[in-house]
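K.L.:
Residues per chain, in single letters:
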Amino acid sequence: MRTEKARHSGRFRRGLFGLIALTLAASIAAFLLSACGGSGGSSSTPTVSGQSPTAQATKTTAQSPCPPSGAANALTGAGASFPYPLYSKWTAQFDKQCGIQINYQPVGSGAGISQITAKTVDFGASDGIMTDDQVAAAEAAGGPILHVPMTSGAVAIIANLPGIQQGQLKLTPDVLADIYLKKITKWNDSRIAAVNSGLSLPSTDIAVVHRSDGSGTTFIFTNYLSKVSQEWKDKVGNATTVQWPGDIGGEKNDGVAQQVKQTPGAIGYVELAYAIQNNLSWASLQNKSGKYVEPSLEATTAASTGVTIPDDTKVMITDSTNPSAYPIVGFTWILAYVNQPDRAKGESLVYYLWWSIHDGQQYSSDLLYAPLPTDVVKKAEAEIKSISYQGQPLLQLP
Amino acid sequence: MQATASESPRTPGIVRLLRRARPGDVLFRVVITFFGASVLVLAALMLWQLAFESRESISAFGWGFLTGTRWDPVSRTFGAAPAIYGTLVSSAIAVVLAVPVSLGAAIYLSEMAPPWLRHPASFLVESLAAIPSVVFGLWGIYVLVPWIRSPVERVLGDHLGFLPLFTGPPFGVGMLAAGAILAIMILPIITAIARDSLLAVPSSQREAMLALGATKWEMISRAVLQYCRSGLVGAVLLGLGRALGETMAVTMVIGKTYDINTSLFAPASTAASQIASEFSEASFSLYTSALMELALILLGITLLVNVAARLLVWRIARSPEAIRE
Chain A
84 MRTEKARHSG RFRRGLFGLI ALTLAASIAA FLLSACGGSG GSSSTPTVSG QSPTAQATKT
144 TAQSPCPPSG AANALTGAGA SFPYPLYSKW TAQFDKQCGI QINYQPVGSG AGISQITAKT
204 VDFGASDGIM TDDQVAAAEA AGGPILHVPM TSGAVAIIAN LPGIQQGQLK LTPDVLADIY
264 LKKITKWNDS RIAAVNSGLS LPSTDIAVVH RSDGSGTTFI FTNYLSKVSQ EWKDKVGNAT
324 TVQWPGDIGG EKNDGVAQQV KQTPGAIGYV ELAYAIQNNL SWASLQNKSG KYVEPSLEAT
384 TAASTGVTIP DDTKVMITDS TNPSAYPIVG FTWILAYVNQ PDRAKGESLV YYLWWSIHDG
444 QQYSSDLLYA PLPTDVVKKA EAEIKSISYQ GQPLLQLP
Chain B
387 MQATASESPR TPGIVRLLRR ARPGDVLFRV VITFFGASVL VLAALMLWQL AFESRESISA
447 FGWGFLTGTR WDPVSRTFGA APAIYGTLVS SAIAVVLAVP VSLGAAIYLS EMAPPWLRHP
507 ASFLVESLAA IPSVVFGLWG IYVLVPWIRS PVERVLGDHL GFLPLFTGPP FGVGMLAAGA
567 ILAIMILPII TAIARDSLLA VPSSQREAML ALGATKWEMI SRAVLQYCRS GLVGAVLLGL
627 GRALGETMAV TMVIGKTYDI NTSLFAPAST AASQIASEFS EASFSLYTSA LMELALILLG
687 ITLLVNVAAR LLVWRIARSP EAIRE
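Residue numbers (the numbering used here), protein chains in the order written: chain A, 84 to 481; chain B, 387 to 711.
If you are wondering where the hints come from, they were derived from the structure by calculation, not from laboratory data. Given the structure is predicted, the values throughout are model-derived calculations rather than measurements. A virtual CB, placed ideally from N, CA and C, is assigned to each residue, including glycine. Treat the hints with caution; some may be incorrect.
[To be verified] Distance condition first, Cα-Cα at most 20 Å in a straight line; then the derived DMTMM-like pairs of lysine to aspartate or glutamate:
hint, chain 1, residue 1, chain 2, residue 2
1, A, K318, B, D645
2, A, K316, B, D458
3, A, K318, B, D458
4, A, K265, B, D411
5, A, K310, A, D402
6, A, K265, B, D645
7, A, K269, A, D257
[To be verified] Quick look at which bits of chain A chain B covers, simulated, 3 or more residues with Cβ under 8 Å:
hint, segment
8, 185-195
9, 208-220
10, 290-298
11, 341-350
12, 396-408
I would like the entire structure built from these sequences, with the hints used as guidance.
P.N.:
Next up, the structure:
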């Protein structure tokens, strides 16, 4: 081998050419492959359907005041990822209007609760109500803690049934629960057929898809199932992750949507905003009044309209009694201490929250979040007014 | 660094050094020692932190955590058996699928490939290792999973459905998809190390075998592979180590459930993917603690595999005949 040393440099040069040629060939092949995959995979381009904003909650005229001079010009918050697109719009607008920068990190509700409990952030955010243990831990760290509702979100049930249009499939609460309990396993089951007389349902197996990651969407969905099915409540229960009786987990909304899209006969659940953006085929759900309702922003806002909301707003509004409400709906909250440890930051926080529940609501519909109804805004106002520094309320309205 | 005669050998090394060395040397030595130690300290801190954070779960479940099959945040019951099982089985599938291909590729690259192809092809194989795992995951969801659902799982189910390994509905996602994507991800590392081991076999071995009238196949199988056995085993173990800890791509295609299922078609979960997908929403301290303990177990498994791999690779590197060309 040593005798070949002289030829080594020549071989090296040839090797280099080979390398370049191969790399080029590989990248061209990769490009062609990705182009094919792209055209096949992204058949549903995001189309935002024309959801008209609900008039009852948006007050575009009133402009909320900016905090007085001396307030902190930066705040940090962390928590739920579900409202992140809306919160980032809000923080940008609030910065434009009042010059206060709010840095919100969408680390997840659980992490948001831990961070506000550890006081590493100025406010937390969560899609779920804090448990008694969590409230106790937070109260030990910083006194009473508030849940201030910001917007509400809905969970759409999506299914892969060829030939069946969006909203055509009807599901009752107990049928949905029994599908997820794996007690109904075929699409042509008599109980599904009983409420879908016009549809020809196939005999395929139902593949049940759920979120594999812990999520507020799962929390709202399992909260609903626990309300409508005693068996679900006893066997599975309500949490951000549960011991699912059936089938497949998908990572995040798009993991679930992909799985449903790819598997004939699959059923899954995703956030309404995701379902609208991707034009997914959702089912109509029978609500508490017996009406079949398709998920929409109006039906989401309706879930918290005209129903009794406690003053602390710590309520899961799933299975609403409002006849026009979609039943799988939940608030998402900002978590803040009643007694703010820092006057300057507390001032910025209360003015930002006030701005969010008034001016902020006009941005909700465009970003596919449901605006808060007026009576919920009233409850939130009272909560924000109670936030204080050393016993003095921080919000001073003109 | 020889001690001068005037110094007693009992004088501490640092004092001796200070007495005669230039300040630059001392500084260099201190800084380098600090950097060297920091790696060890970091590893120790990480281990301690994991153990410390998982104490709540350890005291709640004891050894039962290893065998518990329920992972249920609602009833606050946590058991790691499904995750451990999923981790081991998905990695085993990966190794079974990847080893023949990567050993074949390594033999081709070191023994058969024309010289002009060796460098570029090796480079391409190694650059596979640089693809981020989330890219593998996306590719898995859009390309691999549909392909595994049909034809792979349909054909396997139709023809080998009598085996418990290939029963159940073909979802696409599941243990088989996770194993397949892991196999692709560990291909480059096994190929690269195996090729280096093969190249470390002295040419005299090959020449001697050929001189005896052996065919190329006999030369490779009897002389070359025999000679670098332990290096090849090391390559496989390093690949296995990577497969055990791989997170993102597996999370995206395993279709997480907490069941222990003999069928490879069934969804499963691995320790790494379970931690990644649940940690941010783990809402109470026992839950977080159980995830920490899962991380501790995973660290233990990968540590064992890596130590075994290091020992084997070290052995071949030190063997006197192994002189690089």
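K.L.:
Could you run down the list of hints and mark each one as holding or not?
P.N.:
Okay, the hints, checked on the actual structure:
1. Straight-line distance between C-alpha atoms of A:K318 and B:D645 comes to about 16 Å, which keeps the hinted pair within the 20 Å bound.
2. A C-alpha spacing of about 13 Å is found between A:K316 and B:D458, which places the hinted pair at or below 20 Å, so the restraint holds.
3. With a C-alpha separation of about 11 Å, the suggested pair A:K318 and B:D458 falls inside the 20 Å cut-off, and the hint holds.
4. For a cut-off of 20 Å, the pair hint linking A:K265 to B:D411 is broken: about 72 Å separates their Cα positions.
5. Only pairs whose Cα atoms come within 20 Å are accepted, and A:K310 paired with A:D402 is accepted, the gap being roughly 7 Å.
6. At most 20 Å may separate the alpha-carbon atoms for a hinted pair to count; A:K265 and B:D645 meet this at roughly 15 Å.
7. At roughly 15 Å between alpha-carbon atoms, A:K269 and A:D257 fall within 20 Å of each other, so this suggested pair holds.
8. With 5 residues having a beta carbon nearer than 8 Å to a beta carbon of chain B, the segment 185-195 of chain A meets the requirement of three or more and the stated coverage holds.
9. Closer than 8 Å: that is the beta-carbon criterion, and the segment 208-220 of chain A has 4 residues meeting it against chain B, so the requirement of 3 holds.
10. Remark: the segment 290-298 of chain A is confirmed as covered by chain B, as 5 of its residues place a Cβ nearer than 8 Å to a Cβ of that chain, reaching the required three.
11. Closer than 8 Å: that is the beta-carbon criterion, and the segment 341-350 of chain A has 4 residues meeting it against chain B, so the requirement of 3 holds.
12. Counting residues of the segment 396-408 of chain A whose beta carbon lies closer than 8 Å to any beta carbon of chain B gives 0, which falls short of the minimum of three for the stated coverage.
Of the hints listed earlier, those the structure fails to meet are numbers 4, 12, in rising order.
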